[in-house]
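Note that the protein sequences, when read in sequence, are chains A and B. When you read off a place in the first sequence, starting at 1, and then add 2, the result is the number in this note's numbering. When you read off a place in the second sequence, starting at 1, and then add 9, the result is the number in this note's numbering.
Treat the hints as calculated values from the structure; they're not laboratory data. Accuracy of the hints is not assured; some may be wrong.
[Claimed, not checked] According to the in silico footprint, chain A covers these stretches of chain B (three or more CB under 8 Å from chain A):
hint, region
1, 298-312
2, 315-321
3, 419-429
[As the list claims (entries may be wrong)] FRET-style restraints, in silico, Cβ to Cβ:
hint, chain 1, residue 1, chain 2, residue 2, range
4, A, Asn-130, B, Leu-393, 37 to 43 Å
5, A, His-240, B, Pro-201, 37 to 43 Å
6, B, Ile-314, A, Gly-13, 23 to 29 Å
7, A, Asn-130, B, Ala-285, 15 to 21 Å
8, A, Leu-131, B, Gly-207, 34 to 40 Å
9, B, Arg-22, A, Gly-194, 42 to 48 Å
10, B, Met-413, A, Ala-193, 36 to 42 Å
11, A, Glu-213, B, Gly-295, 36 to 42 Å
12, B, Tyr-209, A, Ala-193, 28 to 34 Å
13, B, Met-413, A, Gly-84, 38 to 44 Å
14, B, Ala-363, A, Glu-213, 54 to 60 Å
15, A, Leu-21, B, Tyr-209, 22 to 28 Å
All C-beta atoms, glycine included, are put in the ideal place defined by N, C-alpha and C.
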Amino acid sequence: MSTEPLLDVQGLTMRFGGLLAVDHVDLTAERNRITALIGPNGAGKTTIFNCLTGFYKPTAGRLLLRHPVRGPIELQKLKGFGVARTGVVRTFQNIRLFPSMTVLENLLVAQHQALMPQSAFSFAGLLNLKGWRAAEDAAVETARDWLRRLDLLAVADEAAGNLSYGMQRRVEIARAMSTNPLLLCLDEPAAGLNPRETRALAELLVGIRVEHGIGILLIEHDMGLVMDISDRIFVVDHGARIAAGTPAEIRNDEGVIKAYLGEPDADEATTGTESP
Amino acid sequence: MAAPASPSIPFARNLREAGIAAAIAMALAIPFLGLRTVNLDQGLVVQANLRYVPLAGLVVFLGRLVLGLLAAPLRRAVAPLAGLKPPAGAQRLRPYGGPLLILAAAVLPFLPFANRYVIDLGTTALIYILLATGLNITVGLAGLLDLGFAAFYAIGAYTCALTTTQLHWGFWPALAAGGLASSLFAVLLSLPILRLRGDYLAIVTLGFGEITRIVILNWQSLTGGPNGVSGIARPTLFGLTFDRRAPEGGHTFAEMTGIAYAPEQRLIFLYLVILALTALAAYTVGRLRRLPIGRAWEALREDEIACRSLGINPTMVKVSAYATGALMGGLAGCVFAARQGFVSPESFGFMESATILAIVVLGGMGSQAGVIIAALFIVVLPELARSFADYRMLAFGLAMILIMIWKPGGLLSGRTPTITLSARKAKSMAEATS
Chain A
3 MSTEPLLDVQ
13 GLTMRFGGLL
23 AVDHVDLTAE
33 RNRITALIGP
43 NGAGKTTIFN
53 CLTGFYKPTA
63 GRLLLRHPVR
73 GPIELQKLKG
83 FGVARTGVVR
93 TFQNIRLFPS
103 MTVLENLLVA
113 QHQALMPQSA
123 FSFAGLLNLK
133 GWRAAEDAAV
143 ETARDWLRRL
153 DLLAVADEAA
163 GNLSYGMQRR
173 VEIARAMSTN
183 PLLLCLDEPA
193 AGLNPRETRA
203 LAELLVGIRV
213 EHGIGILLIE
223 HDMGLVMDIS
233 DRIFVVDHGA
243 RIAAGTPAEI
253 RNDEGVIKAY
263 LGEPDADEAT
273 TGTESP
Chain B
10 MAAPASPSIP
20 FARNLREAGI
30 AAAIAMALAI
40 PFLGLRTVNL
50 DQGLVVQANL
60 RYVPLAGLVV
70 FLGRLVLGLL
80 AAPLRRAVAP
90 LAGLKPPAGA
100 QRLRPYGGPL
110 LILAAAVLPF
120 LPFANRYVID
130 LGTTALIYIL
140 LATGLNITVG
150 LAGLLDLGFA
160 AFYAIGAYTC
170 ALTTTQLHWG
180 FWPALAAGGL
190 ASSLFAVLLS
200 LPILRLRGDY
210 LAIVTLGFGE
220 ITRIVILNWQ
230 SLTGGPNGVS
240 GIARPTLFGL
250 TFDRRAPEGG
260 HTFAEMTGIA
270 YAPEQRLIFL
280 YLVILALTAL
290 AAYTVGRLRR
300 LPIGRAWEAL
310 REDEIACRSL
320 GINPTMVKVS
330 AYATGALMGG
340 LAGCVFAARQ
350 GFVSPESFGF
360 MESATILAIV
370 VLGGMGSQAG
380 VIIAALFIVV
390 LPELARSFAD
400 YRMLAFGLAM
410 ILIMIWKPGG
420 LLSGRTPTIT
430 LSARKAKSMA
440 EATS
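Chain A on its own, in the form it takes in the complex:
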């Protein structure tokens, strides 16, 4: 475990015209750790995600990714797809699959970056050369592994758009993991899941962060899930960071209770009921 965090965000600021959506937010995410980003609706969590993953260009701030191979990379200088190529891969709050393609195809598209040179930019693929076939088999095996882990093997050949909501969430995570990421950014992965599915998700996330040595950054409203699995929590409100710490520290932070967790009694948060 290196002492320096995988992702180091300093002074992230995002301004839309007169609206200051994110105001000098600092946060870090480490390998083998789950970092949660919480806060009331409209606090700017998704905006932070969009800046991180290259969908917005931040007004100011520095997003430093310490890539084990490529060295330090300043993400804010990259284009959207460039960020994903460094291994910072995200899912979306309102699931974005390729609906008429099958689940397996969704997972193969995710491996485009690796497969493209292996198909010699389609030339080896057109001739169906042996090297290409081996690469494709490997990609299918990677996809099959993730389908097995997320219990999706039975629906591998179904159109992704025809699956249930919970399954689509899992397909999106499987697709993100197929890219072999460094930092997995999940935007409300438990939204719309039933308690059983949420528990399975928690187990999965805890499992893969160590197994694959990845960092997980998570936006979530399900406090039960967040408090259970997070190693570190950042709380934002009105675009500014109001607290950071371990789940125990956050649970007892007065500012956080006031802004987000709710005044009456702190154990409401610990029992996992939804926030106000």
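Given chain A, put chain B in place with the hints provided.
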């Protein structure tokens, strides 16, 4: 009358609807049939002749009534067909469909009924299949609506025309040049318009199509303007021409093979050339769909933002889709130029773009078999209806409307997955046991 035959729609309602339809028909018939301009000595005058108006009303009334009465029994008769699936054996024959079709197309010109006209029609159909196969990549797979595809067709045709007439290239190098030039223009075009989506993209491509035609029309010194370019090289077989007399220093096909000269030979050869090109294009697209690039095209159609989140550069994906589609458009243009021996800007108007797009949409976006069926339909149907002269376009339009009603997704609208895990499993198990 068979009033009780349709309990769901009572006779009275049918009668009322027929009445409404008749009223609308008569209202429309007043300007269409009732008034006509006549050129008399004192100039153009409008003459009112309302005799036909009630007649139109009567025809529409009866027609609507019959239609209304037949609707329910007809629907009941057709209902079992909807659940009809091809027998399981048909699925196994599927891989042989393509080669069989190509074989059938290849023997067509040698069949007894194949005259000049049939071969010519076949060539036209194949040119359209090739064009639509190209457009299908951009529209059907990558989801980028292109209303100016005729531009690539034109660029291919003119490249072929100019390289053979000005630079005296043969057909084959000109063919390659035509395809590549189209592709190059597609790349140049796609770079500025990449940020556009949906309707805006369609408008810009429409503009590009028109600009290309107008540039060709006005660039007199290069393209000959409205006079076009003539004397385009015909295809040769290993340097052998299909002329009656050999050109200087050359040989004809008839001389070398000993087969008696016949003017149809040239047509048949051209037919086979375009057949080979089309078959190659269809095969290539089929394979590309199963490669990362093809899957990226489809993923782009489905969700561009998700593509970006997975590290796919949408720019490259769009450019490659445009370039590959245009390559096929350019090749088709080249064959077209070589067949006519003459090109002029009129052949590449918006109607041409619309026809090619209609083939893709009618066939079912992204479906190769659909493209073939729709191209035959669009090229052959107006020919069959030629005896109806003026009414053939009307019949054609009617057929299009009917298809849109019954098959809104196109004739073959289902998408076949490019890869299935179940098939893979079977394959790996078979490998393990062998």
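Evaluation of the provided hints:
1. 298-312: Contact hint for the region 298-312 of chain B vs chain A: holds, 10 residues under 8 Å.
2. 315-321: This one holds; 7 residues, not fewer than the three required, reach chain A with a Cβ under 8 Å.
3. 419-429: holds (count 5)
4. A/Asn-130 with B/Leu-393: 37 to 43 Å: 40 Å, holds
5. A/His-240 with B/Pro-201: 37 to 43 Å: Because 40 Å falls inside the window, the suggested range holds.
6. B/Ile-314 with A/Gly-13: 23 to 29 Å: 27 Å, holds
7. A/Asn-130 with B/Ala-285: 15 to 21 Å: At roughly 20 Å between Cβ atoms, B/Ala-285 and A/Asn-130 fall inside 15 to 21 Å, so the hint holds.
8. A/Leu-131 with B/Gly-207: 34 to 40 Å: Once the Cβ atoms are compared, 38 Å apart, the range 34 to 40 Å for B/Gly-207 and A/Leu-131 holds.
9. B/Arg-22 with A/Gly-194: 42 to 48 Å: 46 Å, holds
10. B/Met-413 with A/Ala-193: 36 to 42 Å: 39 Å Cβ-Cβ, so the 36 to 42 Å window holds.
11. A/Glu-213 with B/Gly-295: 36 to 42 Å: 39 Å, holds
12. B/Tyr-209 with A/Ala-193: 28 to 34 Å: About 33 Å separates the Cβ atoms of B/Tyr-209 and A/Ala-193, which means 28 to 34 Å holds.
13. B/Met-413 with A/Gly-84: 38 to 44 Å: 42 Å, holds
14. B/Ala-363 with A/Glu-213: 54 to 60 Å: Roughly 55 Å apart at Cβ, these two residues keep to the hinted range, so it holds.
15. A/Leu-21 with B/Tyr-209: 22 to 28 Å: With Cβ atoms ~27 Å apart, the hint holds.
Of the numbered hints stated above, none is contradicted by the structure.
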